[in-house]
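Participant: Chains as they are written, first to last, in full-length UniProt numbering: chain S, 1 to 433; chain A, 1 to 433; chain C, 1 to 433; chain X, 1 to 433.
To be clear, the hints were calculated from the coordinates, so they are not data collected in a lab.
Treat the hints with care, since some could be wrong.
Note: identical chains are not told apart, hence a pair may lie in one copy or across any two.
DSS-like mimics (lysine-lysine), calculated; alpha carbons at most 30 Å apart, straight line [what the hints assert, rightly or not]: (1) K404 to K122; (2) K52 to K384; (3) K350 to K393; (4) K384 to K350.
Each chain, written out:
Number of protein chains: 4
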Amino acid sequence: MIPRYSRPEMVAIWSPETKFRIWYEIEAHACDAMAKIGVIPAENAAAVWKAKDVEFDVARIDEIEAVTKHDVIAFLTHLAEIIGNDEARFVHQGLTSSDVLDTTFNVQLVRAADLLLAQMDKLLAALKTRAMEHKMTVRIGRSHGIHAEPTTMGLTFARFYAEMDRNKRRLQVAREEIATGAISGAVGTFANIDPSVEEHVCEQLGLTPEPVSTQVIPRDRHAAFFAALGVIGSSIENVSTEIRHMQRTEVLEAEEFFSAGQKGSSAMPHKRNPVLTENLTGLARLVRMAVVPAMENVTLWHERDISHSSVERNIGPDTTITLDFALARLTGVIEKLVIYPDNMLANMNKFRGLVMSQRVLLALTQAGVSREDSYKLVQRNAMKVWEEGKDFKTELLADEDVLKALSAEEIEEKFDLGYHTKHVDTIFKRVFG
Amino acid sequence: MIPRYSRPEMVAIWSPETKFRIWYEIEAHACDAMAKIGVIPAENAAAVWKAKDVEFDVARIDEIEAVTKHDVIAFLTHLAEIIGNDEARFVHQGLTSSDVLDTTFNVQLVRAADLLLAQMDKLLAALKTRAMEHKMTVRIGRSHGIHAEPTTMGLTFARFYAEMDRNKRRLQVAREEIATGAISGAVGTFANIDPSVEEHVCEQLGLTPEPVSTQVIPRDRHAAFFAALGVIGSSIENVSTEIRHMQRTEVLEAEEFFSAGQKGSSAMPHKRNPVLTENLTGLARLVRMAVVPAMENVTLWHERDISHSSVERNIGPDTTITLDFALARLTGVIEKLVIYPDNMLANMNKFRGLVMSQRVLLALTQAGVSREDSYKLVQRNAMKVWEEGKDFKTELLADEDVLKALSAEEIEEKFDLGYHTKHVDTIFKRVFG
Amino acid sequence: MIPRYSRPEMVAIWSPETKFRIWYEIEAHACDAMAKIGVIPAENAAAVWKAKDVEFDVARIDEIEAVTKHDVIAFLTHLAEIIGNDEARFVHQGLTSSDVLDTTFNVQLVRAADLLLAQMDKLLAALKTRAMEHKMTVRIGRSHGIHAEPTTMGLTFARFYAEMDRNKRRLQVAREEIATGAISGAVGTFANIDPSVEEHVCEQLGLTPEPVSTQVIPRDRHAAFFAALGVIGSSIENVSTEIRHMQRTEVLEAEEFFSAGQKGSSAMPHKRNPVLTENLTGLARLVRMAVVPAMENVTLWHERDISHSSVERNIGPDTTITLDFALARLTGVIEKLVIYPDNMLANMNKFRGLVMSQRVLLALTQAGVSREDSYKLVQRNAMKVWEEGKDFKTELLADEDVLKALSAEEIEEKFDLGYHTKHVDTIFKRVFG
Amino acid sequence: MIPRYSRPEMVAIWSPETKFRIWYEIEAHACDAMAKIGVIPAENAAAVWKAKDVEFDVARIDEIEAVTKHDVIAFLTHLAEIIGNDEARFVHQGLTSSDVLDTTFNVQLVRAADLLLAQMDKLLAALKTRAMEHKMTVRIGRSHGIHAEPTTMGLTFARFYAEMDRNKRRLQVAREEIATGAISGAVGTFANIDPSVEEHVCEQLGLTPEPVSTQVIPRDRHAAFFAALGVIGSSIENVSTEIRHMQRTEVLEAEEFFSAGQKGSSAMPHKRNPVLTENLTGLARLVRMAVVPAMENVTLWHERDISHSSVERNIGPDTTITLDFALARLTGVIEKLVIYPDNMLANMNKFRGLVMSQRVLLALTQAGVSREDSYKLVQRNAMKVWEEGKDFKTELLADEDVLKALSAEEIEEKFDLGYHTKHVDTIFKRVFG
């Protein structure tokens, strides 16, 4: 985790305090369930809840772990220090460390997913707002970076909205995938612990019991989860790249918001750099790089090995923290993006109407001119624009052969931007309902 | 694509013949829709269907493309050769090449997904059959490759079933994601083509209209699709690794089926190599390697660029063909896997009862012996087994301190395998219903 | 491999014919070496060379393999058909299939590397030519896509040259790494074959004996090889991205060459798309995607498994063929790139001198004006340019406070482009010697 | 970075203190060089060294950065606080932030490489020691996890040595690649700073001047660097996987050292888990995951963008820290690995001589028996071993048809392990010289 690319709420999910708190809840709920079926005394189960409001002493647990070399045992020892050795003696009975660790990891991922989903909602709201605002702000569409035909800025925001909305649904699915718990004991047979304990613990933690676990929860779930994050990261890069393009000096159709106080803004007023979206481009790579190791983690030897563990200690926090930060940063960029409709028009007119050449070509053929002749008519006027800087419409209106096929009015109409925006409403309805 | 790792049905989806057939259908359906709203004459739309049963001449199209340097134009030219230049003159009107290419690619991916899903069903059936067959075949569970506690072979198959079933659902979701089409014209504004054309074409091809496209269908859909394939590949590696472990000389709990005729089988009868599952391990990597480029493809410049295209020309066919082959190969491996229950028992007994030490420890503490003392009692008997080759149960039954806490009967009970299999039914019910 | 992205010479390296030819040479040279130390009769070794000029019958070998299910045995059987069963009976004695397969694979990779190196030389030559040609063609340098300070087009080519030259050296190192052979028999102990055989075969094939092999040549060599290709691919993407940027409508400082005959060029003269460099961007991803599986291949179980094999059957040909094509395509793009120096100047002047603001700032401070005051002086003039469209130099020359610190001559000098190009020679000397 | 997988010396390289120290040295050396050529006064250059022994106040710099939003400016401000505003006024003149940041990053990577190289030497020493120790410890070689022919434990260590030695050389090359610095000013033209400054700074820092930089040092260098680390990580996984296999219950040819005090060792003496090598398997994935983003970083827009920056803030420290820890952990594992030669022999004899069947087959054909008959003779005896548990050599010695071709002495000789170890010396000489 890089502190400057993190937000406290997500960081907190991965703190030792949070981890021990979840461990505690798992153990306490497991005791309740065991007491309920008479496996352990009810008073012992009740005693565990004495620690309900205790803040666990991370330093103390670390100290014990330095001796025991086992994190779960260290925690249980500390818990016994709090609630009493005798009271604690049934805690963790029949469980393995993996039951606690894996279930905890999934709780953390679920909470992380919830934060991410909340942030995605904010991003969607921002994209929608800007889409509505610039629904009809005409702008040249570009294929291959080259002017093609007009579109609107609103459509750009709308497609980012649709893409992020799909991402939100992917994350919801991934969240459900990961929302399982396992309290199934060594090698997952429930030999030492009743399935009802698992059911109770999972219910209390908002999880579903893992239908069949070994000593671990199967890692295909996590692979799918991190893959979903990877797709979201890629979409962040997609949006960011669009903005970086819009901001480049020669285009200047939009700029990241640049607060008045930011150094250097006025001596070099042209030098406002899209540093946030560039940064997001890099963050997207960081999110994406977790995907392959998460997939490599799926293969474990027999009923478990711990090769996945060091990977997850890294990508669990790092990927969710980075993505959370990136989503928030992108939301801010979108909300405050400064848009220059005039520059959009100026850019579109750079080639004095040439972008309409396709439309004119189509009109000529529809008017009965052969494909070949239509092409020649368009071409000879286009070349005057290209080589001599003339205006395309003016040239067409002066070309008698063109006028034989199309009236001046019809030619004028071909340059009407309304032609290109007439279905924006249709698309918006599809996207925003 | 590596021919030896491919199956004809999947290969056919990616043939030029199939591709041109889909192109044709898109164009023909688009004409129908345009005729319906009066944009083109009905007889021209009808004329396109003259080619309905024609096999397109791939060599001829290639020949034309060599001149035009444009694949879609080459195809349209060839189509005109078949149905007549005049009849063909409204074909493709208002469409862009991307409309055809992107919609076709999605049709191919949907068909590929359908083949994969069908093969996954076969794999699931095989896993279920073997799970039922070996539901109670006891086998030592291993964590870290080291004997832990007993489990059953059926549980191993059951967890692979559950994992593949999740993968099937992931693929279903991914298939839905990719089942969209776009006939929205240059830069996606429907300026030159009515949205109803898109609706009609999509409906005919079993697709959903892409809510908002640019000149391309957004590539986050494809990233999610290939990510799903990557997770499936990883699960194939997971299953394969288990089998490779089971087959290794010292374990020999299972073997890939080795047909009588296969060379070398009897002069070196121990030398039956798990070559299929090793091969699957490699194929899994090939499937997985498409994930990152598919995610890198999400970012396109403005309304389109073609950086994604060369990537997809490769990973479209290669990844689906490889995965299809891998699923089929794995199905065969599972169906015919030779399982050695006797070896499983022999392996489990390698340490003469030591795997039950945990259970004995638990029983002692439950009988009121302190944790520390229980540990000592187990330890001193365990060491005799470990160092002197004694039998654990025999030693326990001869240890008076142990007998103070546990009766002989209770000790015997600790070595009852039924203890470990008592919840197999519960788990099977969860998995298979 | 995608045919349209391949060149015949590289494809030929990976043909079955080439493969069998190398297999043959390995076997024949091995026989020679064995004869030399008296392990097999000299006449048998000599007999093998009877097939020296024979084109092996791939179809026949496939036919035999269909029965034997073993490719090397099928080949050996076919070889015996040619040279006689009796003469052939010592062929392959003491070798394992891996000896033949691994050594062959390395021969193929070495040949592939040689083709790639030859193509890199052509690319380097093209970059150097264009660098020399545009050594002093002034162009605005951009950071973050925003105008910064002037540089030259030659420097851009020079840095691509330097980068590709480093890549060439990387590939040379990788080629040396991969230029090893192993004829060490089962599990690599030379138990069944004398080390002198390996030495002889390797010498004949231009390889170095692998110091210690198991049944396979260690795969860290291949991982390093494909990693080198991945870096080259990434540099291709880097160069391509620069060109795509230069060609975008608003910049238009360069264009991929567009042959007169290419359709559509004149009706939409602005619509010349950088399709080659976009394609190269995708091809770079294909090259790069081999890196991780090649690294995953490093881990093999004990003395060998074949998990790496299916991966290499794919990435061996596909990655080298794709990279070879990409290098050739990029060479063509560079050689024929159409460069527009006038547009470069026009772009640079877009903000009427503002790009010199930093230099003026520095000059003011050097003239003794405090940092703060210097900043204010620059700022107030810059804002007139930015907001009112004035010319920066003109404004400065009219600002009395500025003139107190700098003479008109000094101000003029700040706008001299020679200031920015004065060390181009130094850099060129560093790069080109 | 995960604290538990880190070592202080490597962590220190990436601390803010170290970073500011390097920044300081760059600025101070740059001032010296500028003073030397008369660009700034000598006393100002000298004044900068007043801070030579000062520990920079990270908290204070952070405080300033919170206002200026620029890390380099914050540092320079703090430096001015120490040496005096007036004295500091020429510091950083003509440099860009990138000059400082990029050069610093390379210094850090060089230092990291040096630590890694030192640790690799330790690992190599450990591998060599164990190779020598077990040079002739016979052990069954395994292909596909199945017994093949005998080899020695020493050869296993020797090949890991050779692989790591190659990795060391790769890292040395990568270190040289990354040991460059750039002090070339905005967009890299040296317009504002003399090339001699770069030369001086680089010389003082042990770097080579980057021949041609833009505003940044080209990132292909870093891609190659992280690729080298990725290969090393993959080799760590390779070695670790071998040990994990050796330690599995059924094989037990080696064990990670297990200190007497480690909990659980004696109650379940068989339950010693290869947790260190499993952990290393995961760490290898973490190292490897940096490779693709490092390659994606190669492409920067024009003379720079900062998309690479966030990636490097992560993978710079994380990858080197993780690899450093992994190399040290692996060194410890190798040094202390407990090896069980008796178990190796016992495993080899599991199939009572069958692993020699290939040798017997070869001997029979060499004795003039036809391939087919030889095969049958071996087969019928092999099957008795396989199916009835007989001893292979005993059966052969009792088979009259075999005895017709081979004397009893010759048969005995085929079971001599010396046959398999006779070239171990040759191989060791190749590897260790």
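Participant: For every hint, state whether the structure bears it out.
Facilitator: Structure-based check of each hint:
no. : hint         : result
1   : K404 to K122 : neither (55 Å within a copy, 53 Å between copies)
2   : K52 to K384  : neither (82 Å within a copy, 44 Å between copies)
3   : K350 to K393 : both (14 Å within a copy, 27 Å between copies)
4   : K384 to K350 : both (14 Å within a copy, 25 Å between copies)
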